[in-house]
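These protein sequences, in sequence, are chains A and B. Residue 310 in our numbering is what sits at position 310 of the first sequence, and the numbering runs on without skipping anything. Residue 13 in our numbering is what sits at position 13 of the second sequence, and the numbering runs on without skipping anything.
No lab work stands behind these hints, which were simulated from the structure alone. The reader is advised that the hints may include incorrect statements.
[What the hints assert, rightly or not] Each computed DSS-like pair below joins lysine-lysine, with the alpha-carbon atoms no more than 25 angstroms apart:
{"id": "1", "chain 1": "A", "residue 1": "215", "chain 2": "B", "residue 2": "186"}
{"id": "2", "chain 1": "B", "residue 1": "186", "chain 2": "B", "residue 2": "199"}
{"id": "3", "chain 1": "A", "residue 1": "213", "chain 2": "B", "residue 2": "210"}
{"id": "4", "chain 1": "B", "residue 1": "105", "chain 2": "A", "residue 2": "216"}
[What the hints assert, rightly or not] Restraint-style ranges between C-beta atoms, simulated for each label pair:
{"id": "5", "chain 1": "A", "residue 1": "265", "chain 2": "B", "residue 2": "139", "range": "29 to 37 angstroms"}
{"id": "6", "chain 1": "B", "residue 1": "110", "chain 2": "A", "residue 2": "184", "range": "40 to 48 angstroms"}
{"id": "7", "chain 1": "B", "residue 1": "191", "chain 2": "A", "residue 2": "230", "range": "21 to 29 angstroms"}
{"id": "8", "chain 1": "B", "residue 1": "138", "chain 2": "A", "residue 2": "220", "range": "31 to 39 angstroms"}
{"id": "9", "chain 1": "A", "residue 1": "159", "chain 2": "B", "residue 2": "43", "range": "36 to 44 angstroms"}
{"id": "10", "chain 1": "B", "residue 1": "15", "chain 2": "A", "residue 2": "108", "range": "23 to 31 angstroms"}
{"id": "11", "chain 1": "B", "residue 1": "15", "chain 2": "A", "residue 2": "235", "range": "48 to 56 angstroms"}
Idealized CB from N, CA, C, for every residue including glycine.
Read off the chains here:
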Amino acid sequence: MKKIPDYVKNMAITAVILCLSFGFSLLLQYVFEVHEHITTVFVFAVFLISLLTRGYAYGILSSFAGMIAVNYAFTFPYFAFNFTVPVNVTSAIIMIVISVLTSALTTKLKLHEMMKAESEKERMRANLLRAVSHDLRTPLTTIYGASTTLLEHGETMTAEHRNNVILGIKEDSEWLVRMVENLLSITRIDSGTVKIIKTPTVLEELVDSVLLKFKKRYDAQEVMIDIPDDVVIIPMDAILIEQVIVNILENAVQHAAGMTELSLRVFTLGKQAIFEIQDNGCGIPQERMNALFTGYYKQNETVSDGQTRSAGIGLSVCATIIKAHGGDIKAENLKAGGAVFRFTLDTEDVELDEQ
Amino acid sequence: MTNNKFKILLVEDETNIQNFVAALLETSGYQVIRAESCMTAQTLYSSYLPDLVILDLGLPDKDGMVFLEYVRKNSLTPILVLSARSMERDKVAALDNGANDYVTKPFSAAELLARVRSLLRISRFTAHEDRGLDGRFSIDELLIDYDARQVFIKGEEIKLTQTEFNIVAFLAENAGKMMTYSAIIKAVWGGCAQEGSIKKLQVNMANIRKKFGATPGTVNYITNELGVGYRMNS
């Protein structure tokens with residue numbers, strides 16, 4: 001879709017409405033022989049224009065145009081200017097006043113809407129911040145507590161104890177790393193002014209990179225892969241899409257209780273690549289379905305144990321990233337049990353002249 | 001200073017990172033020289049002539065790139081860059097300016113040590129000869145015969161096209177070093193990297209991986225770094 005400049009759109013609206021009302025007035029005047037409502041037609045036109053365009057200029061401009069049209073064409077003497085008749089002047093003034101008032105009103109309305117959207121965004125951000133800072137406290141407690149323990153009592157601990165404490169530090173800092181990666185991804189998109197930069201990425205390389213990353217964290221979890229044999233090239237911000245897939249896989253590992261199989265399937269359909277991440281775990285609880293991608297966090301204080309806490313922001317980060325790529329993301333439960341996450345991205349042609 | 005340990009110049013301004021990296025390297029048998037800024041790094045570099053430089057790009061006085069260029073002006077000392085995530089462009093710029101490899105922060109002890117070892121190994125090789133003994137190159141079960149232009153895995157010949165062989169050969173000559181797209185394109189096709197030629201490279205790589213029998217997610221001879229380039233593992 002091409003972006004039409006604002007003023008062109010506004011001018012077009014103004015011109016179309018004025019022409020229509022002029023034509024309608026001609027119709028009234030010469031076909032139906034009604035004269036007294038012509039001013040009303042133009043007043044209505046001015047009202048519409050002020051409503052549909054931005055700022056005051058178009059409304060006022062059209063009220064002048066309307067006044068001239070009415071004066072010239074539709075009031076006695078026809079097709080000649082006459083400013084001596086008080087009725088003409090009155091209708092002109094009325095049109096201008098209406099246009100100014102309407103414009104003021106619509107401008108105010110638009111401003112109000114913008115502020116509402118802005119405050120909604122602000123609210124989301126505050127929610128996210130609250131969720132994140134709540135989430136950060138737990139791993140920080142572990143890391144801080146464990147390291148001071150080691151410093152002060154490291155010598156007297158058994159090797160096994162010491163190892164456990166160090167393992168805690170490692171695991172919780174890994175969790176922090178993931179959280180920060182998610183936050184970085186959000187800011188990379190959310191800052192608004194920064195558009196994502198898409199570079200052509202080979203699907204196979206993406207999957208390779210995703211799996212290496214995922215295996216580093218969950219060595220024991222097998223992921224079945226099914227991707228096309230042909231080279232598929234998808235323009236994307238690879239770091240962000242990588243994050244999406246890792247987040248969804250991770251979500252399955254953490255929440256799909258009883259899962260034995262996890263798979264990543266990618267296939268192309270027309271110009272689109274469809275990514276499917278499927279598990280055979282417990283499925284997604286109905287009450288979570290609605291806010292799966294939008295709610296940053298379940299306001300539930302009991303979920304601060306290691307297993308469930310990164311329910312936090314992962315999936316909403318996925319949604320934000322896919323939306324920014326112009327794709328679509330959905331999740332559904334399977335009849336046979338388990339859940340499937342599906343998202344789409346546009347592909348690019350692979351055309352090559354050999355050598 | 002009369003020991004035969006490898007000397008590593010660690011340029012990092014964060015004290016905590018510096019401490020643990022230095023501790024890690026020292027317990028692994030390297031001698032560590034520390035610098036907190038670009039200026040001290042330059043002085044220490046010319047007085048110690050280290051075997052390897054570990055360089056953080058974000059330094060307080062100057063950009064780490066300044067130091068990188070300073071070193072590359074008259075030496076081939078391997079340089080390992082420490083960089084933050086999501087800065088592909090910085091990574092590519094550092095690699096194109098002569099850095100040998102990079103590690104993304106945060107990194108584990110194993111990752112860092114593996115890179116350090118492989119960089120030191122290469123610089124030892126390349127100091128003596130270009131292509132290993134008798135024009136051959138081998139890692140694990142991969143063998144490249146440069147003169148016959150043949151590649152073998154587990155003794156079986158892998159049929160590669162001319163272009164594919166050139167890519168593999170180039171990566172092998174620079175084994176252990178992360179090669180950016182533009183570096184490979186320049187070496188294989190000549191000229192500079194455009195979007196089209198990167199695509200050509202990626203498609204060739206896809207074929208090479210297939211012929212090498214690589215499956216996604218398993219470590220193979222060639223590692224791909226999204227948006228940056230490829231590395232022949234050493």
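Evaluated hints:
With a C-alpha separation of about 34 angstroms, the suggested pairing of residue 215 of chain A with residue 186 of chain B is violated against the 25 angstroms cut-off. In summary, the hint linking residue 186 of chain B to residue 199 of chain B is supported, as the alpha carbons are separated by about 14 angstroms, within the 25 angstroms threshold. Restraint check for residue 213 of chain A and residue 210 of chain B: satisfied, since their Cα atoms lie roughly 21 angstroms apart, inside the 25 angstroms limit. A hinted pair counts as satisfied when its Cα atoms are at most 25 angstroms apart, and residue 105 of chain B with residue 216 of chain A qualifies at roughly 15 angstroms.
Restraint check, residue 265 of chain A to residue 139 of chain B: a C-beta distance of roughly 33 angstroms satisfies the suggested window 29 to 37 angstroms. Checking the proposed 40 to 48 angstroms range against residue 110 of chain B and residue 184 of chain A shows it is violated: the Cβ atoms sit about 24 angstroms from each other. In this structure, residue 191 of chain B and residue 230 of chain A meet the distance hint of 21 to 29 angstroms, their C-beta atoms being roughly 27 angstroms apart. For the pair residue 138 of chain B and residue 220 of chain A, the supplied restraint of 31 to 39 angstroms holds, since their beta-carbon distance comes to about 33 angstroms.
The given range of 36 to 44 angstroms is respected by residue 159 of chain A and residue 43 of chain B, whose C-beta atoms sit roughly 43 angstroms from each other. With their beta carbons about 56 angstroms apart, residue 15 of chain B and residue 108 of chain A fall outside the hinted range of 23 to 31 angstroms. Range check, residue 15 of chain B to residue 235 of chain A: about 42 angstroms between beta-carbon atoms, so the 48 to 56 angstroms window is missed.
Of the hints listed earlier, those the structure fails to meet are numbers 1, 6, 10, 11, in rising order.
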